[in-house]
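> Sequence:
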Amino acid sequence: MKKNELVNIARLYYEKKQTQQKIANQLGISRMAVSRALAKCEEEGIVEIKIHLQDSYLDLEQRIAEKYALKEVHIVPYDENEQTLYQMLGEKALEILENKLASDSKVGIGWGATLNALKNVAAAQNPRKIGSTFIPLLGGYGNADSEFHANQIASSLATAFGGHSLQ
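In the working numbering, the protein residues as written are 1 to 167.
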């Protein structure tokens, strides 16, 4: 097929949103010929298919993982509102944790605002009951009443996931 014929088929398909069958009927060729022409358009650079990852950090996550030899990288959008940022961090952490946990999982828990956000999101969203064990990783009593304390976070996560906490 000549280049101008390929361009015409590409325009009808991609710009005019016509089906391959309609194009075939219109041009008096088979639907398979239209399909091959579209593939050829891509091969010859007449058509370039590009996926725009709006609000996605997949490319950046992959580059960071490759550069630092990490198995996984997860990026959460930055938000100047601290409460919104912690909510998004908690939601992402919950998503990751739900995908990783098994009934025999043992999860070490630290302390701080990010883990507190995970605890709050887990309590609000009622994740699936997995039955994992949550273990506070900090020794000493500290302020055991603090919502940021490892014991409080481990206990709350154990409740949310239907597991238990070692105190």
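If you're looking for bench data, these hints aren't it; they were derived computationally from the structure.
Note that the structure is a prediction, hence the values are computed from the model and not measured.
Among the hints, erroneous ones may be present.
Mimicking SDA-like on lysine to any residue, the simulated pairs with C-alpha atoms at most 25 Å apart in a straight line are [unchecked claim]:
| no. | residue 1 | residue 2 |
| --- | --- | --- |
| 1 | K67 | Y78 |
| 2 | K3 | E15 |
| 3 | K50 | S35 |
> State for each hint whether it applies.
Okay, the hints, checked on the actual structure:
1. K67 x Y78: holds (22 Å)
2. K3 x E15: holds (17 Å)
3. K50 x S35: Holds, because 19 Å separates the two Cα atoms, which is no more than 25 Å.
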